[in-house]
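Trainee: Listed below are the residues making up each chain.
Number of protein chains: 2
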Amino acid sequence: MKKKTVIALSCLLLAFTPVVLCAEDDVMAKAQKIFKPIPKTPPALSNNPLTTAKVNLGKMLYFDPRLSASGLISCNTCHNIGTGGVDLQETSVGHGWQKGGRNAPTVFNAIFNIAQFWDGRALDLKEQAKGPPQAAIEMNTTPERLVATLKSMPGYVEAFKETFPQEEDPITFDTTAQAIEAFEATLLTPDAPFDTYLQGDSTALVKQEQEGLKLFMKKGCSSCHGGINMGGTGYFPFGVVEKPNSEITAGDTGRFKVTGVKSDEYVFKSPSLRNIAITPPYFHSGKVWSLREAVAIMGSSQLGISLTQDQTDKIVAFLKTTTGVQPRIEYPVLPAITEATPKPKLD
Amino acid sequence: MKKKTVIALSCLLLAFTPVVLCAEDDVMAKAQKIFKPIPKTPPALSNNPLTTAKVNLGKMLYFDPRLSASGLISCNTCHNIGTGGVDLQETSVGHGWQKGGRNAPTVFNAIFNIAQFWDGRALDLKEQAKGPPQAAIEMNTTPERLVATLKSMPGYVEAFKETFPQEEDPITFDTTAQAIEAFEATLLTPDAPFDTYLQGDSTALVKQEQEGLKLFMKKGCSSCHGGINMGGTGYFPFGVVEKPNSEITAGDTGRFKVTGVKSDEYVFKSPSLRNIAITPPYFHSGKVWSLREAVAIMGSSQLGISLTQDQTDKIVAFLKTTTGVQPRIEYPVLPAITEATPKPKLD
Numbered sequence: 011m012k013k014k015t016v017i018a019l020s021c022l023l024l025a026f027t028p029v030v031l032c033a034e035d036d037v038m039a040k041a042q043k044i045f046k047p048i049p050k051t052p053p054a055l056s057n058n059p060l061t062t063a064k065v066n067l068g069k070m071l072y073f074d075p076r077l078s079a080s081g082l083i084s085c086n087t088c089h090n091i092g093t094g095g096v097d098l099q100e101t102s103v104g105h106g107w108q109k110g111g112r113n114a115p116t117v118f119n120a121i122f123n124i125a126q127f128w129d130g131r132a133l134d135l136k137e138q139a140k141g142p143p144q145a146a147i148e149m150n151t152t153p154e155r156l157v158a159t160l161k162s163m164p165g166y167v168e169a170f171k172e173t174f175p176q177e178e179d180p181i182t183f184d185t186t187a188q189a190i191e192a193f194e195a196t197l198l199t200p201d202a203p204f205d206t207y208l209q210g211d212s213t214a215l216v217k218q219e220q221e222g223l224k225l226f227m228k229k230g231c232s233s234c235h236g237g238i239n240m241g242g243t244g245y246f247p248f249g250v251v252e253k254p255n256s257e258i259t260a261g262d263t264g265r266f267k268v269t270g271v272k273s274d275e276y277v278f279k280s281p282s283l284r285n286i287a288i289t290p291p292y293f294h295s296g297k298v299w300s301l302r303e304a305v306a307i308m309g310s311s312q313l314g315i316s317l318t319q320d321q322t323d324k325i326v327a328f329l330k331t332t333t334g335v336q337p338r339i340e341y342p343v344l345p346a347i348t349e350a351t352p353k354p355k356l357d
Numbered sequence: 011m012k013k014k015t016v017i018a019l020s021c022l023l024l025a026f027t028p029v030v031l032c033a034e035d036d037v038m039a040k041a042q043k044i045f046k047p048i049p050k051t052p053p054a055l056s057n058n059p060l061t062t063a064k065v066n067l068g069k070m071l072y073f074d075p076r077l078s079a080s081g082l083i084s085c086n087t088c089h090n091i092g093t094g095g096v097d098l099q100e101t102s103v104g105h106g107w108q109k110g111g112r113n114a115p116t117v118f119n120a121i122f123n124i125a126q127f128w129d130g131r132a133l134d135l136k137e138q139a140k141g142p143p144q145a146a147i148e149m150n151t152t153p154e155r156l157v158a159t160l161k162s163m164p165g166y167v168e169a170f171k172e173t174f175p176q177e178e179d180p181i182t183f184d185t186t187a188q189a190i191e192a193f194e195a196t197l198l199t200p201d202a203p204f205d206t207y208l209q210g211d212s213t214a215l216v217k218q219e220q221e222g223l224k225l226f227m228k229k230g231c232s233s234c235h236g237g238i239n240m241g242g243t244g245y246f247p248f249g250v251v252e253k254p255n256s257e258i259t260a261g262d263t264g265r266f267k268v269t270g271v272k273s274d275e276y277v278f279k280s281p282s283l284r285n286i287a288i289t290p291p292y293f294h295s296g297k298v299w300s301l302r303e304a305v306a307i308m309g310s311s312q313l314g315i316s317l318t319q320d321q322t323d324k325i326v327a328f329l330k331t332t333t334g335v336q337p338r339i340e341y342p343v344l345p346a347i348t349e350a351t352p353k354p355k356l357d
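Protein sequence lines correspond, in order, to chains A and B. With positions in the first sequence counted from 1, the corresponding number in the working numbering is that position plus 10. With positions in the second sequence counted from 1, the corresponding number in the working numbering is that position plus 10.
Simulated from the structure, these hints should not be mistaken for laboratory data. Be careful, since some hints might not be right.
Where chains are identical, the list cannot tell them apart; a pair therefore holds if satisfied intra-copy or between any two copies.
Listed next, the in silico BS3-like pairs over lysine-lysine satisfying Cα-Cα at most 25 Å (straight line) [as the list claims (entries may be wrong)]:
1) Lys161 to Lys253
2) Lys228 to Lys161
3) Lys50 to Lys297
4) Lys353 to Lys109
5) Lys161 to Lys297
6) Lys140 to Lys46
7) Lys355 to Lys109
8) Lys109 to Lys330
9) Lys253 to Lys229
10) Lys50 to Lys267
11) Lys330 to Lys353
12) Lys330 to Lys161
13) Lys297 to Lys355
14) Lys224 to Lys171
15) Lys140 to Lys224
16) Lys353 to Lys50
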């Protein structure tokens with residue numbers, strides 16, 4: 011008999027059960043409707059079926075700095091597998107030490123977002139993967155240079171052929187992005203205490219954390235930060251009630267830049283709050299390093315409430331329970347360059 | 011009975027054995043005197059005993075960009091485990107996109123070098139590890155900032171305590187360097203075809219490669235590039251016979267900058283030729299990308315000879331047999347930062 015059923019029966023049968031236990035169970039039942047646990051294995055991608063070869067190739071590409079013009083910047087530079095899938099920078103630093111416009115979102119569990127980038131301008135991770143290589147302030151290369159680089163290395167020629175056997179010309183910008191998406195889809199962080207809780211084990215969260223969860227749902231945080239990823243589910247103004255000060259918004263009009271629609275001004279995709287305690291700084295501007303402060307700002311700007319110290323502490327305690335088991339990745343041995351490989355271009 | 015003994019006996023007993031076989035065996039015997047195979051396990055370090063905890067901690071530190079002021083540059087940036095332990099750059103790029111003065115030597119098998127850096131200014135890897143963090147054009151931090159950064163993270167506090175239980179203050183610049191050295195000592199590339207050959211299997215090298223090896227010893231290359239690491243054994247002028255053009259020397263006076271002794275002008279530690287085919291570009295200046303060209307330059311500058319096309323091809327073919335099995339490393343999950351962690355410093 012599952013623990014969840016046991017607890018439900020306890021509430022039903024034992025009239026003398028303290029009210030708080032049933033109330034706790036109500037919290038769990040409500041939470042189970044709003045959130046879903048992170049699975050241990052990636053979801054099926056309808057337009058990009060995962061294969062072992064594709065995931066392995068994607069891993070090589072993800073860690074390969076030669077995808078950038080300088081030969082210095084890889085996907086992992088800004089979405090570091092060792093540090094929560096982010097770079098712990100206000101905004102990322104790219105080609106020529108240029109500072110990017112927005113904080114790097116985590117790659118972990120990103121497969122569950124409805125779209126990618128803060129403004130959702132990429133439909134999926136495959137489309138997202140095509141962005142940074144071409145951005146002048148990020149990897150500063152071109153699809154042509156990138157493909158020429160990969161084609162110059164027999165190790166990649168072989169790996170692409172094996173991964174895309176049906177393709178006459180296996181190395182393209184598109185197959186590169188497909189492979190990267192496939193690898194990224196495997197970057198999941200299951201088994202957080204909150205996942206265990208969602209699976210029916212109420213002991214996985216201590217009292218303060220459960221109270222934080224309750225507040226998180228009751229105050230409305232979960233309206234934008236629900237679902238499997240606790241965010242990444244839709245677009246919302248920053249802020250709904252009160253616009254945060256300009257230092258925090260950094261004058262960034264968000265999704266308006268994508269759609270040109272007035273009502274999209276200062277609208278952003280709600281970020282995932284999974285692993286949020288280990289991925290500061292916060293917001294698209296990366297201007298806030300303290301999770302407590304970020305929670306307080308969300309309270310006032312999105313919900314129009316002033317959270318008490320105690321409430322903030324509880325919500326922060328709850329958010330820390332979303333830190334899952336981080337992916338264990340074997341660092342790839344990358345193909346050797348040849349004399350045909352384009353030389354690093356630093357300027 | 012060992013294969014080596016069998017072959018020796020063959021030469022002794024079988025009078026009708028073709029001369030070439032005995033000559034090949036002579037090549038092997040000579041090679042076995044000059045070189046040694048890369049072992050599968052690291053050597054014992056007299057002043058820094060390896061422990062599992064120390065190697066694991068060292069791996070975390072090696073991959074941790076927060077050891078730099080910017081939070082962007084780790085040991086692995088310039089000594090990339092995925093690309094032969096180097097960055098495939100002419101000279102490395104560091105803090106603020108500044109270009110370093112010399113080509114990054116490979117970290118693989120570096121434990122076998124008599125000293126570290128091109129000019130041997132660091133006695134060992136532990137001392138070497140203290141250099142780049144402090145160099146303004148590399149990681150641009152200070153021992154104080156680095157130690158404060160590590161001490162701000164409970165994950166590191168725990169790992170250092172476990173690794174250095176006898177230390178009252180486990181996190182120091184010195185223990186950091188010790189741990190990095192311990193990890194680096196494990197970065198070996200055994201089982202290259204040449205290692206198999208040195209262990210007595212003459213079939214590990216094809217005829218052209220064996221001829222290359224023979225030339226490599228006969229022409230004098232092995233005088234500076236002998237030993238287990240095929241280099242890293244002593245200091246030699248660049249060049250012994252004829253100074254290469256200034257584009258290649260880049261006006262770098264080498265060891266003279268360390269000793270101030272006139273005879274050390276343009277003197278460098280001979281680099282290891284292990285894995286040389288996968289670690290271009292070549293020389294301290296990184297000005298030469300072609301291994302063939304590098305071999306030809308060495309012939310003229312160090313040996314005063316003009317190698318024929320065929321000889322160069324053979325030596326290059328031989329050098330390719332020194333590419334060993336690359337280390338397989340699990341990318342470390344790094345400790346989470348706290349609000350006490352110094353913020354990235356980009357300028």
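Trainee: Now tell me if each hint is right for this structure.
Mentor: Right, here's what the structure says about each hint:
1. Proximity of Lys161 to Lys253 under the C-alpha cut-off of 25 Å is found in neither arrangement, the shortest distances being 49 Å within a copy and 37 Å between copies.
2. In this assembly of identical chains, Lys228 and Lys161 lie within 25 Å of each other by CA distance neither inside one copy nor across copies; the values are 55 Å within and 38 Å between.
3. Taking the closest pair of Cα atoms, Lys50 and Lys297 never come within 25 Å of each other, the shortest separation being 33 Å inside a single copy and 48 Å across copies.
4. For the identical chains of this complex, Lys353 and Lys109 are neighbours both inside a copy (24 Å) and across copies (15 Å), given an alpha-carbon limit of 25 Å.
5. Taking CA atoms no more than 25 Å apart as the test, Lys161 paired with Lys297 passes between copies only; the shortest distance there is 24 Å, against 41 Å inside one copy.
6. Taking CA atoms no more than 25 Å apart as the test, Lys140 paired with Lys46 passes in neither setting, with 29 Å inside one copy and 47 Å between copies.
7. In this assembly of identical chains, Lys355 and Lys109 lie within 25 Å of each other by CA distance both inside one copy and across copies; the values are 18 Å within and 12 Å between.
8. In this homomeric assembly, Lys109 and Lys330 never come within 25 Å of each other (Cα to Cα): the closest approach is 29 Å inside a single copy and 40 Å across copies.
9. Taking identical chains as interchangeable, the C-alpha atoms of Lys253 and Lys229 lie at most 25 Å apart only when both belong to the same chain, with a minimum of 18 Å there against 75 Å between chains.
10. For the identical chains of this complex, Lys50 and Lys267 are neighbours neither inside a copy (36 Å) nor across copies (56 Å), given an alpha-carbon limit of 25 Å.
11. Taking the closest pair of Cα atoms, Lys330 and Lys353 come within 25 Å of each other only across two copies (21 Å); inside a single copy the shortest separation is 44 Å, beyond that limit.
12. Taking the shortest Cα distances, Lys330 and Lys161 sit within 25 Å of each other only across copies (21 Å), while inside one copy they are farther apart (44 Å).
13. In this homomeric assembly, Lys297 and Lys355 come within 25 Å of each other (Cα to Cα) only across copies, at 14 Å, whereas the closest approach inside a single copy is 31 Å.
14. Within a single copy, Lys224 and Lys171 get their C-alpha atoms no closer than 51 Å, and across copies no closer than 38 Å, so neither meets the 25 Å cut-off.
15. When the C-alpha separation of Lys140 and Lys224 is checked against a cutoff of 25 Å, the pair qualifies neither within a copy, at 40 Å, nor between copies, at 49 Å.
16. Proximity of Lys353 to Lys50 under the C-alpha cut-off of 25 Å is found in neither arrangement, the shortest distances being 40 Å within a copy and 33 Å between copies.
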